[in-house]
Amino acid sequence: MKRVGINRVFIGNIWQDNVPGGKVRIFIDEWWDILHAALKRTTQLDIEIGIFNSP
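Each step along the sequence shown adds one to the number in the numbering used here, with nothing skipped, and position 4 is 203.
Keep in mind that the hints were calculated from the coordinates and are not lab data. Just so it is clear, CB atoms sit at the ideal spot from N, CA and C, and this is done for glycine as well.
Derived CB-CB ranges, DEER-like: (1) Asn-206 - Ile-233: 19 to 25 Å; (2) Ile-213 - His-235: 17 to 23 Å; (3) Gln-243 - Asp-216: 34 to 40 Å.
Take these sequences, add in the hints, and give me the full structure.
This is the structure in structure tokens:
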């Protein structure tokens with residue numbers, strides 16, 4: 200990602216009533232594992248990461 204010019208990424212936890220949810224629910228163990236992997240990888244690649252919530 201860094202090689203092709205991506206310097207910043209965002210993870211958004213977004214909930215909408217009219218959109219079906221995915222298989223990984225927020226704050227379950229699998230969600231934390233995925234978040235940790237993303238944070239670790241962006242650190243390795245020297246990429247900024249932002250996390251936000253939205254209704």
